[in-house]
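**Q** Sequence:
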Amino acid sequence: MTIGKNIVIGDIVDLTSPNDGIPYRTKVEDIIGSNLYTVSLPSSGGQPMVIHPNDEINLTFYRETGKYTIRVVAQGFSRRDELRLVTLMQVSEPEKDQRRMYFRLPVSLRVVLFEYTSSFETIRMTREQIAEAKIIAMETVGTKDMSVTGVGVLAKNEYDPGRKFILDIYFDDKRKEQAKPFVICAEVMRADFEKRSRSHHLGMHFFGQTPGMSEYLARYLVKQQQIQVRQRRLVEG
Numbered sequence: 001m002t003i004g005k006n007i008v009i010g011d012i013v014d015l016t017s018p019n020d021g022i023p024y025r026t027k028v029e030d031i032i033g034s035n036l037y038t039v040s041l042p043s044s045g046g047q048p049m050v051i052h053p054n055d056e057i058n059l060t061f062y063r064e065t066g067k068y069t070i071r072v073v074a075q076g077f078s079r080r081d082e083l084r085l086v087t088l089m090q091v092s093e094p095e096k097d098q099r100r101m102y103f104r105l106p107v108s109l110r111v112v113l114f115e116y117t118s119s120f121e122t123i124r125m126t127r128e129q130i131a132e133a134k135i136i137a138m139e140t141v142g143t144k145d146m147s148v149t150g151v152g153v154l155a156k157n158e159y160d161p162g163r164k165f166i167l168d169i170y171f172d173d174k175r176k177e178q179a180k181p182f183v184i185c186a187e188v189m190r191a192d193f194e195k196r197s198r199s200h201h202l203g204m205h206f207f208g209q210t211p212g213m214s215e216y217l218a219r220y221l222v223k224q225q226q227i228q229v230r231q232r233r234l235v236e237g
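In terms of the numbering used here, the sequence shown is residues 1 to 237.
Please note that the accuracy of each hint is not assured.
To be verified - No more than 35 Å apart at the CA atoms, straight line, and that leaves these computed lysine-lysine pairs for DSBU-like:
1. Lys96 to Lys134
2. Lys180 to Lys96
3. Lys134 to Lys144
4. Lys180 to Lys164
5. Lys156 to Lys96
6. Lys144 to Lys164
7. Lys195 to Lys156
8. Lys195 to Lys96
9. Lys156 to Lys223
10. Lys164 to Lys195
11. Lys180 to Lys134
12. Lys96 to Lys164
13. Lys27 to Lys144
14. Lys156 to Lys134
Stated by the list, open to error - Here are the in silico distance ranges between beta carbons for each label pair:
15. Ile227 to Gln75: 32 to 38 Å
16. Asn54 to Arg232: 30 to 36 Å
17. Gln129 to Lys96: 27 to 33 Å
By construction, these hints were calculated from the structure, which means they are not laboratory data. The C-beta atom is built at its ideal place from N, Cα and C for all residues, glycine as well.
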């Protein structure tokens with residue numbers, strides 16, 4: 001196994017613990033020999049990722065040809081000035097993701113992007129608490145597609161990958177005044193400008209959700225998929 005062949009110093013990678021399935025974004029700081037390298041200890045909402053020696057972690061890196069994942073084992077910790085580092089040992093060959101872990105369904109929903117605050121993750125802020133905290137609404141966008149793990153939106157403004165938001169997702173727009181949004185955190189993973197719509201297509205990954213939130217999203221998507229299948233059958237025949 002040769003890490004240098006696949007991963008280079010400075011690569012942005014995601015570490016995912018099998019325990020919670022939440023990806024933590026970080027950067028490769030150094031490569032040691034053929035199968036050891038160090039990354040900065042990632043955090044989310046001000047809280048560092050919990051890693052213990054000998055923990056096995058999935059590491060994902062990105063190339064133009066796709067997304068690749070390797071298994072790594074935590075070897076130890078160190079510090080460089082103010083930067084906390086963890087040393088990882090590669091224990092598997094890279095595997096290319098051939099398909100999405102969760103299906104992505106085309107849906108059209110109203111979403112409000114709010115300035116991200118780490119308080120959301122720690123106290124599960126309600127929509128009313130967001131208003132009381134005077135968290136800034138950045139803009140209202142429309143969705144292009146959605147899965148249990150993320151959403152694609154079309155935004156007027158440009159946002160860089162790595163930018164985090166609190167999202168208000170409105171699943172029922174029939175009565176906008178009474179509709180209560182589904183509130184969740186998301187991070188921009190990719191941003192592409194669409195000339196046709198003159199908007200920015202943001203691919204966003206949800207994070208910090210509870211199992212109940214993921215179950216709610218799954219139920220909504222399954223229901224929408226059934227509706228779309230019925231509509232397609234009516235049109236076709």
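**Q** The structure should be examined with respect to each hint, and the outcome stated for every one.
**A** The hints, checked one at a time:
{"no.": "1", "hint": "Lys96 to Lys134", "in the structure": "43 Å, violated"}
{"no.": "2", "hint": "Lys180 to Lys96", "in the structure": "39 Å, violated"}
{"no.": "3", "hint": "Lys134 to Lys144", "in the structure": "28 Å, holds"}
{"no.": "4", "hint": "Lys180 to Lys164", "in the structure": "22 Å, holds"}
{"no.": "5", "hint": "Lys156 to Lys96", "in the structure": "33 Å, holds"}
{"no.": "6", "hint": "Lys144 to Lys164", "in the structure": "19 Å, holds"}
{"no.": "7", "hint": "Lys195 to Lys156", "in the structure": "12 Å, holds"}
{"no.": "8", "hint": "Lys195 to Lys96", "in the structure": "30 Å, holds"}
{"no.": "9", "hint": "Lys156 to Lys223", "in the structure": "29 Å, holds"}
{"no.": "10", "hint": "Lys164 to Lys195", "in the structure": "24 Å, holds"}
{"no.": "11", "hint": "Lys180 to Lys134", "in the structure": "18 Å, holds"}
{"no.": "12", "hint": "Lys96 to Lys164", "in the structure": "26 Å, holds"}
{"no.": "13", "hint": "Lys27 to Lys144", "in the structure": "30 Å, holds"}
{"no.": "14", "hint": "Lys156 to Lys134", "in the structure": "22 Å, holds"}
{"no.": "15", "hint": "Ile227 to Gln75: 32 to 38 Å", "in the structure": "50 Å, violated"}
{"no.": "16", "hint": "Asn54 to Arg232: 30 to 36 Å", "in the structure": "50 Å, violated"}
{"no.": "17", "hint": "Gln129 to Lys96: 27 to 33 Å", "in the structure": "42 Å, violated"}
Hints 1, 2, 15, 16, 17 from the earlier list are contradicted by this structure; the remaining hints agree with it.
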